[in-house]
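Residue numbers (my numbering), protein chains in the order written: chain A, 1 to 564; chain B, 1 to 564.
It should be emphasised that the hints constitute simulated quantities derived from the structure, not laboratory data. Warning: the hint list may mix true and false statements.
Any copy, or any two copies together, can satisfy a pair, since identical chains are not distinguished.
Claimed, not checked - As a list, the in silico DMTMM-like pairs of lysine to aspartate or glutamate whose alpha-carbon atoms are at most 20 Å apart:
{"hint": "1", "residue 1": "Lys23", "residue 2": "Asp435"}
{"hint": "2", "residue 1": "Lys43", "residue 2": "Glu129"}
{"hint": "3", "residue 1": "Lys262", "residue 2": "Asp389"}
{"hint": "4", "residue 1": "Lys396", "residue 2": "Glu32"}
{"hint": "5", "residue 1": "Lys80", "residue 2": "Glu29"}
{"hint": "6", "residue 1": "Lys396", "residue 2": "Glu129"}
{"hint": "7", "residue 1": "Lys480", "residue 2": "Asp446"}
{"hint": "8", "residue 1": "Lys396", "residue 2": "Asp150"}
{"hint": "9", "residue 1": "Lys262", "residue 2": "Asp390"}
{"hint": "10", "residue 1": "Lys396", "residue 2": "Asp31"}
{"hint": "11", "residue 1": "Lys262", "residue 2": "Asp368"}
{"hint": "12", "residue 1": "Lys262", "residue 2": "Asp372"}
{"hint": "13", "residue 1": "Lys396", "residue 2": "Asp26"}
{"hint": "14", "residue 1": "Lys43", "residue 2": "Asp390"}
2 protein chains.
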Amino acid sequence: MIHAFVKKGCFQDSVSLMLISRKLSDTPEVDEVSVMMGTPANKLLIAATGFWAPIFDTATANDICVAIKSESQNNLITVKIGTELDAALNNLSESQGTSKNRLQKARRWQSALDKLPDANVVLISIAGEYVAELSNLALDNHKNVMIFSDNVTLEDEIKLKQKARANGLIVMGPDCGTSMIAGTPLAFANVLPHGNIGIIGASGTGIQELASQIALLDHGITHALGLGGRDLTAEVGGISALSALNMLANDPETQVITFVSKPPDAAVRQIILTAMQAIAKPIVALFLGSYSKDGDVDKNIYLANTLDQAARIACQLSNIERHRTDLLAANQLPNIPLSNKISGLYTGGTLAAEMALLLASKLKIKLDPQHDQGVMLNADGHKIIDLGDDFYTMGKPHPMIDPTTRTQQILALASQQQIGVLLVDLVIGYGAEADPASSLAAAVIDLRRARPDYPIAVIATITGTVQDPQNRDLQQNILKHAGIIIAHNLPEAAHLAVSLINLRDPPLNLPQKSDLLKGVKVINAGLRRFADDLHASGSTVVHYQWAPIAGGNLVLQNLLKKLV
Amino acid sequence: MIHAFVKKGCFQDSVSLMLISRKLSDTPEVDEVSVMMGTPANKLLIAATGFWAPIFDTATANDICVAIKSESQNNLITVKIGTELDAALNNLSESQGTSKNRLQKARRWQSALDKLPDANVVLISIAGEYVAELSNLALDNHKNVMIFSDNVTLEDEIKLKQKARANGLIVMGPDCGTSMIAGTPLAFANVLPHGNIGIIGASGTGIQELASQIALLDHGITHALGLGGRDLTAEVGGISALSALNMLANDPETQVITFVSKPPDAAVRQIILTAMQAIAKPIVALFLGSYSKDGDVDKNIYLANTLDQAARIACQLSNIERHRTDLLAANQLPNIPLSNKISGLYTGGTLAAEMALLLASKLKIKLDPQHDQGVMLNADGHKIIDLGDDFYTMGKPHPMIDPTTRTQQILALASQQQIGVLLVDLVIGYGAEADPASSLAAAVIDLRRARPDYPIAVIATITGTVQDPQNRDLQQNILKHAGIIIAHNLPEAAHLAVSLINLRDPPLNLPQKSDLLKGVKVINAGLRRFADDLHASGSTVVHYQWAPIAGGNLVLQNLLKKLV
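Pulled out of the complex, with its shape left as it was, chain A reads as follows (with noise of 0.2 Å):
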């Protein structure tokens, strides 16, 4: 049977409840124990799981309402369940008290606003039905807002997208299970290493295995935005995608942005796309569910299938990204469209024809069918040469061996100004060179000395181990130290190449209407673990101990409402 009461005037947070009914639940002579604050749709779901009792109708949003299911006929359950409840609260108060450095409270959303007046971000995690008038408050007062909370009726997301839009202010959710800010972890998120990719996504675990799989490359983030998943139907049209996009757009740390969703409606698709285009950055798209051809590129926009190879294209393109800001720093940056053509001399015969069929499918050129002197590609100004062909190895060693061949034919890019980028390859291991990254990086240096006013970005990759006699990261230090410029391997040194002869769109430099990028101060209203992480995690929060105005009874607030 069930037994139940009714504990007055106690509002907790539901995650706080469900533990304590959890524990409750291990009692002796008892089945199950339900604990719940009486809302309205919490006593429609007492009712559907078997636990009603009439008692429940006295109970209102900010009472607990207790349930115990048990054999026993015995109603003493009552005050034996009553005291562990009260033990398990006051252990919950306590455990929140000890810390030295207190997490701030407020009762109210005036004290809450007093408390941290620059707050920019109201993180919203209270019943669904209480959020839509939570979030009007935090928009009037100028924050942001990131509404963890489900069951927020479609009206209410577009009505609250389009005041955030009009003000400048962006609503991350409802259902937003996870954003990063400027290393702020609001809801479910992960500590991250701090990179150059941006995330946006409309789905919680999405966005937190993207960088997860993001930081286990070695890379990082900037900031991650979430939308919420219902932003990109065709009903809210993707208002806050594009102020995430714009936000990311604009903000200089992030070089790469990554977009993960469901497959959004086939009109939004087409608006998101395009302001994507409009935005002189790389962007991953993973639309999770349309599948789309290996490598697809549309401009800038790179489509991926799967979230680890969605990271993956990220952390490629974040490689590039920095080569690109390291080439430009050291005034290596080929000056376009002067210097617009590649050179490829590698000592590899295989590293040789895949760089060719690369650099072939990315320029849309013809390889050379001949293989001529070791000429693999030679079209459109580009060539791509394996010095390994016997046309220069006859009579003398190969060029893993001896490094003059490639010596001289580096050298005599000093009178083609034309050539703005140099691909070459780094065999190391048995048999090759006692040190073949001295002799290439003093050819490289040779050839910028003799052609001052023309500057050549160097790209290597290398073939061979740490563990090789000449050992491939002291190789990678000389290269690096002269200037050259390392790739993981062959298709990313193409990609940074032809990236390189490619003119980029300026930076649109829309006007940044947000600073929520720059800092985040929260105002937690709902789940207190959620203030408490970000205490911990050292960001500024007040917690906001939301309760239902007048018990949750929506007449007599609407009483109060007209007599403020």
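Dock chain B against the given chain A, drawing on the hints supplied.
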């Protein structure tokens, strides 16, 4: 003008002489010095490059031809260069003799054989015109042959390979730059971690780059077998490729095979693919230049387009084979076909959605369009559920916060003996449970206890980082300890799951005709540096100081042969 002299009866390998040429060319008063053995091919080259002098007519293949290009008319320059040459040759033989543990050398073939009677490879880098004779000698003495040299006729290649095949031997090459067998570096080779991936390649730097990328991905190789660039032509018909496949198919340490070559002749390609399909191991095939759709799989053959992609696929397959080995050892391989269904219980909605997509594609089944009760996939007995769906969270905390719902669902599998694989996620970070791994591990242990006769494989992915409060590595260890396999990402998890529910062809157990993979002992003929490298790497080697018989005079050679 050209000053010239001949140094009689002093054979040196071409690389040593080239390095000496470079050094002597730095002498004052000298433009360039050419130092070459007087082989017929070299003589043509000397003439073609403008270094010819009539005295070279007297030189044999055992004599060094020295040509000095200089503006000076004074013939004393030959004395100067002659002295420097002697010093350099002296240096060379001294530096070769200083090591405590000296390289073993032999001047005659028979004495090389006597010094290393159990040699099983002859590594040949002598001038091309002499290769066939020495290779035949090696094969007749039941040695495998690796031919680094080029300029061997196609006819000779075919004959040598046919002879090798008939005797259970392999000829790697001609023009084979790289092999790495049982840790022994043959010619251009890298020092690589030991692993479970075997490589076969008709391309030297292709093998090297593939192996390097595998090492960068923290994997390792068993053996790498070179074929030479012409093996897959219609004329040669892939004789050595088939031998190499047979060797690795029967090598128990090789769990994954990776094959790289230019696109083979169409008929040969079919022969190779058929041979690959008969091997009960996953094989990655990169026919560089013949484009494959991403993820193209032909039975056990995975087609790749670039070297780094081939390496990545090989490493994923390597993980999967290792996981399978671990499951077998732990008695957790599902009983197939009794337990051949997959169940996925996810806390992350997007993770469930991607897994459903991956399985639907791999198993050729349909997604569930309704997503009722969080069911993302429910077809043919396989089921993927998103436990974060409203159905499970109404009135209960999200399963990332409270494991109760998933624990119940896991325990319910006790009676579902058709389920052989359980897929789960583990999401850590702020907001999530303090120790989700422990509750998941406990549930899995309970489940296994409840169905002792029906082993179940459990595969988890982890979302989160090592910086997260729960620490990804610690959580991973807890899961591993409970016999849960950790996949690096969702595609790897899906791939493993599907591979576990399919019955495998038993290995063919062809007779292993070659003992080469057990350990390599080398007779090196030609470039001294290859012997030095072998020696330095700790391999067993005798350097056969090969020199052309009768000074390379073919008439005299034939006379001598008749006399024997």
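Within a copy, between copies, both or neither: where do Lys396 and Asp26 come within 20 Å Cα-Cα? between (83 Å within a copy, 17 Å between copies)
When no copy is specified for Lys396 and Asp31, does a C-alpha distance of 20 Å or less occur within a copy, between copies, both, or neither? between (87 Å within a copy, 17 Å between copies)
How would you label the pair Lys262, Asp372 (within, between, both, or neither) given a Cα cut-off of 20 Å? So Lys262 and Asp372 pass the 20 Å test across copies only (17 Å; inside, 50 Å).
When Cα atoms must be at most 20 Å apart, do Lys262 and Asp368 count as within-copy, between-copy, both, or neither? between (43 Å within a copy, 15 Å between copies)
Intra- versus inter-copy proximity for Asp435 and Lys23 (alpha-carbon distance at most 20 Å): Between. Shortest inter-copy distance 17 Å satisfies the 20 Å Cα cut-off; intra-copy 67 Å does not.
Reference check for the pair Lys396 and Asp150, CA-CA at most 20 Å: within, between, both, or neither? The answer is between: 13 Å across copies meets 20 Å, while 73 Å in one copy does not.
Have a look at Lys396 and Glu129 and pick one of within, between, both or neither, based on CA distance no larger than 20 Å. The answer is between: 17 Å across copies meets 20 Å, while 81 Å in one copy does not.
When no copy is named, should Lys262 and Asp389 be tagged within, between, both, or neither for a Cα gap of at most 20 Å? between (50 Å within a copy, 15 Å between copies)
State whether the alpha carbon distance between Lys43 and Asp390 is at most 20 Å within one copy, between copies, both, or neither. Only across copies: Lys43 and Asp390 sit 17 Å apart there, 84 Å inside one copy, limit 20 Å.
Could you place Lys262 and Asp390 in one of the four classes (within, between, both, neither) given a Cα distance threshold of 20 Å? Intra 54 Å, inter 18 Å, cutoff 20 Å: inter-copy only.
Can you give me the call for Lys43 and Glu129, within, between, both or neither, at a CA distance of at most 20 Å? within (13 Å within a copy, 94 Å between copies)
Taking 20 Å as the upper bound on the Cα-Cα distance, should Lys80 and Glu29 be classified as within, between, both, or neither? within (11 Å within a copy, 108 Å between copies)
Taken one by one, the earlier hints all hold for this structure without exception.
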